[in-house]
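Work the whole structure out from these sequences, hints included.
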Amino acid sequence: MIIVHHLENSRSQRVLWLLEELGFEYEVRRYSRNPKTMLAPSELKRVHPLGKSPVVEDDGLILIESGAIVEYLVEKAGGRLGAPPKREDGLRYRIFLHYAEGSMMPPLFAMLVVRRLGLLGRPARATIQRMLDDHLDWLESELAGRDWFAGDAFSAADIMMSFPIEAARSRAGLDQRRPHLADWLERIHGRPAYGAALQKGGAYAYA
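Numbers in this note's numbering are just positions in the sequence shown, counted from 1, shifted up by 28.
Bear in mind the hints are in silico, worked out from the structure with no lab data behind them. Treat the hints loosely; a few may be bogus.
Straight-line alpha carbon distances no greater than 35 Å define the calculated DSBU-like cross-link-like pairs of lysine-lysine that follow [what the hints assert, rightly or not]: (1) Lys104 with Lys114; (2) Lys64 with Lys80; (3) Lys104 with Lys228; (4) Lys80 with Lys228; (5) Lys64 with Lys228; (6) Lys104 with Lys80; (7) Lys73 with Lys104; (8) Lys73 with Lys228.
In structure tokens form, the structure reads like this:
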């Protein structure tokens, strides 16, 4: 049985969603954030020394890092929702699988930090917002010519992209002024597997 160590309002929601899309049976072990610091609880360090989420246990393996977990589960499912066969789409799939965490999440995290700093963080907000606007403008242009990030079909790349785009709507000004991204969010939120994952994972601030 696959076990997902799931932290509320976190990237691990994507893992639950992917498991629902792939039809795997799994167990969710939920963890709540510290209400003052919003950090993960120390109990997660008993699962992995870094104390982060998601962590997946399967067949004696302990897996961390969202992208690596997604690749593992796609492979376990025989390639379903993985890289499309067309070479250009396959390359795009790999780009977005890694771009989500490697390029887009750092400025989103920086924005979260400077907002919590209040007046001290205010001077940095405009600079970080400009960086995020560059990302959002590029992503909007990417979806102008196709329905999904890797091509014409929904894939695990869309699942990986969900958290940073949901976070951008929460803290980086993403709204209807970028209609392709707004439409993409509406479509992923309407998928039955997305709804099922929300029920399994509990409260999620970005849905």
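Against the structure, the hints:
1. This hinted pair checks out: Lys104 and Lys114 have alpha carbons roughly 21 Å apart, not beyond 35 Å.
2. The hinted pair formed by Lys64 and Lys80 meets the criterion: a straight-line CA distance of about 17 Å does not exceed 35 Å.
3. Under the criterion of a C-alpha separation no larger than 35 Å, the hint pairing Lys104 with Lys228 is consistent with the structure, at around 21 Å.
4. Distance hint between Lys80 and Lys228 is fulfilled; the C-alpha atoms sit about 19 Å from each other, no more than 35 Å.
5. A threshold of 35 Å between alpha carbons decides the hint, and for Lys64 with Lys228 the separation of about 25 Å falls inside it, so the pair holds.
6. Among the hinted pairs, Lys104 with Lys80 is consistent with the structure: their alpha-carbon atoms are about 23 Å apart, no more than 35 Å.
7. As the CA atoms of Lys73 and Lys104 are separated by approximately 26 Å, the hinted pair is consistent with the 35 Å bound.
8. About 22 Å separates the Cα atoms of Lys73 and Lys228, which keeps this hinted pair within 35 Å; it holds.
Every hint, counting from the list given before, is met by this structure.
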